[in-house]
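Participant: Please build the complex by placing chains B and C on the supplied structure of chain A, with the hints as guidance.
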Amino acid sequence: MTTTKTKLSAICAILACLSLPLLLPEFLVFQASQILVYAVAILGLNLLMGFNGQISMGHGAFYAVGAYVVAILVGHGWPYWAVLPLAAVVSFGVGFFFGKPASRLGGHYLALATFALSLAVPQLLRHPALEFWTGGSQGMYITKPEAPSFLPLNADQWLYYFVLLVAVALFFAAHNLTTGRVGRAISAIRDHPIAAESMGIPVARLKAITFGVSAMYTGVAGALSALVIQYVAPDSFSMFLSIFLFVGAVIGGARSIAGALIGGMFIVVVPNLTFEISKSATGVVYAIVLIAMMRFAPAGIWGFLRAKVEAKTRSPEEKPSAQKANVSVPIPQHDASERS
Amino acid sequence: MNMKFLHLATLALACVASSAVSAAEPGVTDKEIKIGQTGPYSGPASIAVALMQTPIAYFKMINETGGIHGRKINLISLDDAYSPPKTVEMTRRLMEQDNVFFMFGQVGSPAAAAAQPYLNAKKVPQLFSLVGTSRFNDPAKFPWTIGTIVSYKAEGILFGKYIKQKMPNAKVGILYQNDDLGRDYVEGVTEGLGDLAKSTIVAKVSLEPTEPTFDSQVLALKASGANALVIATGPKPAVYAIRKAGELGWKPQTFLTAGANSVSMVMEPAGVANGKGVITTATFKDPSDPRWQSDPDYIEYSAFMAKYLPQLNKNDSYAVMGYVGAQLMTKVLNDVGPNPTREGIRKAATSIRDYRPKMAMPDIKLMLTPNDYDMYKKLNFMRFNGTGWEPFDAGVL
Amino acid sequence: MEVFLQQIISGIATGSIYASVALALVMISNSTGHINFAQGEMALFSTYLAWTLLSFGLNYWLVFGLTIVVSFAFGMAIERWLIRSFSNAPPMSLIVVFIGLLLGLNALAGLVWGYALIKFPSPMANVSTGTFLISAHDLFVIAVTFGQLLLLFMFFSFTKLGLAMKAAAQNPQSARLVGIRVGQMLSLGWGMASALGAVAGMLVAPIVYLDPNMMLNVLLYAFASALLGGLGSPAGAAAGGLIFGVVENLVGTYVIGHELKLTFALVVVVIVLLVKPAGLFGKTIVNRV
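Protein chains in written order, with the working numbering: chain A, 1 to 340; chain B, 1 to 397; chain C, 1 to 289.
Simulated from the structure, these hints should not be mistaken for laboratory data.
Any given hint could be a false lead.
Quick look at which bits of chain B chain A covers, simulated, 3 or more residues with Cβ under 8 Å [unchecked claim]:
id : stretch
1  : 81 to 94
2  : 114 to 121
3  : 173 to 182
Just so it is clear, the structure is predicted and the values come from calculations on it, not from any experiment.
Every residue gets a Cβ at the ideal spot worked out from N, C-alpha and C, and that includes glycine.
Pulled out of the complex, with its shape left as it was, chain A reads as follows:
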């Protein structure tokens, strides 16, 4: 029953997304594209952090890789749609290459090692040896893809549909991945690596592959962002990008697919809201929002909503324990059996 419901709501959501650009002014269509782009980036992070248990505070690096692949190749005359798969392959490669050794690091060490990666990226992009390719600190412009002439769409609407198409495909793939056999293996590594190993799961290899897939998602998002923003520069990929992606993932709900969309909205919308609240203290207000969010929804907004729904469908005397169970995220046994 739950699955048909999920399917139905997914179809409703997609229909709503499809009609958006026809109803909204250009600027909001552009903002919606941005939200989708960040959602895809966060989805990659969720696969890694929420499902596989590897913390990354350096995913801005892969975002940058994807963006620069697009900027360089489109600058050399490649069509933008042909560049996207290439950006995916390159960022998968970079992610796998980095993830292979990094997967041996645990918890805090991994968090800090990936953080180091996010610090190194702007420096590397500015390096004189790469300047011929990256445009150095000046950055590069990317011409905006126009809609095919047979469609009555402007560039923003067309780009939105293009981003939407990629996002839906990637969300669908992520959903299938996490609910399948491989997905269970990936989660088993998070919950108990040693037990997983003894059950015959190739822990090290699967961790590295998950890192690669995660980097691929975020890289594709970076590639899309280059098309949406039409400009890449080292300053676009500072360590704050990695921090905001991380924050978006956790606040949306890192252990879910849908949480990524909420995270994307958070990244785009909340800084604008905090600025409306206080011009001079926007940073302080943002910080308070972060801490308050974690106080009241430690498993992220999606986790919070799910707990609310589950608490409703359960008998009253069970309620308090259900609420608590969600706080310490692993889903209790009876919960899982109820679902299947």
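Facilitator: Below, chains B and C alone, put in the same frame as chain A:
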């Protein structure tokens, strides 16, 4: 009777004309002109927040005295956290949602660069952005983009020429920030030295402004045997380098950029004794320089800051930059007349001749032509005497 | 040769800055098991507090002591009133809280004290070492860092309280069973880390100048140092700081230039971690099933 009729007629005509304008030009009504700005209100670059606060306060002052051509100026200034994608988003919001007339004073070169193609494609003026890199002086490719800071490269060229003409045995060391700013200065100095560049530049050492200390770089420069040191960085590394050179007992002829020569914010923290003899160029009067304490410009500026921005440090050089930018903007809005159009704004801006905003150095004459968007045609050399900057005529150019 | 020597000595001086902040990070990590991303910004606040007190004309050493005491209380208060309410939250959520603290305290400092560079006084300002190689303040930093290290080592190895704190962090359940009040130990750990951070801030500020971004820059290097030496060991972290400072200078000057020295240093850290996951001087902890 006749007179009255004529009056009424002109008034009616004016009304028709202005309403026609407001229909054609977004952001302009009979009562108001909406202008957009982006800048870092949050994040590590929020050090420059005065660049947004001062113009807002300045336009408030203008509005209190009746505005310009009867219209109030409404500057909508938004946070981009110094992140180029955010600048694009905020610029589009200002243009498409707030319907601003044009963009003014966008802060930072990566940010302004990100918004540049969009605004130029829409034929919207991007005026007086706070950027000094050469790509903002490109009327052929970006006719709608005009910067307001001295071009880094032009200043670098001047330093190069000075060294070439005045220091026959010079060995030049350059300490540069690894970004647009630093690279432009290195290019400028090299160009200014001309044929001597190869033989006189003995060391070029880069730094990242986020490094905690710059000891290693200064040591390397000292070891290169340089007797002239060009510091092509923002304020913080400059402070550090001047102090470190002093501590090392190294006394090269030091050159400092116009963006990093505040007495109270650079020279004093670096130690005034260490800074004696440093050469820089200036376009603005430094409010913390004792030389200007009884200058009419300074007195007016000081009163303005005390009345409208009492919480801000009036010695902040960003506040002066914002003040000068706001005056330029006010002049352009005055010059364009009662029926402004975007094209008219651009024309007015590129017709500025021999203009000296308050707080600009006494012999500054700003000049913008349709073919050259670098408004500073002449820079003053100054030397630090231990308490303030002393202008001197180097006879270079 | 003289240049080489100078680069090494300057690397040691800079490295001791990293070491002093790294000590505070290790302190938190040892006593609570967390990585506190907001450690630098807490130290920043302490330093601004010290500067405010100094500008009232108080004696340097009085201010030094007062700041340490207040920072200690501040650290305990943050643990008691903020961090404790997250004791059941997943680790990633706690990192977000730390990020929130970092961004919030940084913005607040700018709001309260402005962005101008402040020349923070050094007690060694009038002392001369008679050489350009190293300043009296650099020596002071090195000495204080060493002193702290010694105190920490003795505290964690020989005092009952120190051992109890370690136990509370590593295995709270068992610690509780043997009668250790885990909550108090956590508060105490935060207080001590905050006090160490305050000392680091007051040591660092005369060198790098006080402004809201002062610690943001130092913290990154302190993290790298702590990783290099081992998050679990104060001596390792201090040594990591010194090594980091020296290697960075030498590599920047002689090998690959200053553009890539940070990247290079970070690569070194990652390689070290791969060979010795607990850092150069850390003990590898074996997980039991």
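Participant: Hint by hint, say whether it matches the structure.
Facilitator: We went through each hint and held it up to the structure:
Beta-carbon proximity to chain A at under 8 Å applies to 10 residues in the stretch 81 to 94 of chain B; the threshold of 3 is reached and the given coverage holds. Interface restraint, the stretch 114 to 121 of chain B with chain A: holds (3 residues with C-beta to C-beta distance below 8 Å; minimum three). Note: the stretch 173 to 182 of chain B has 3 residues with beta-carbon separation from chain A under 8 Å; the three-residue rule is met and the coverage holds.
The structure agrees with every numbered hint stated previously.
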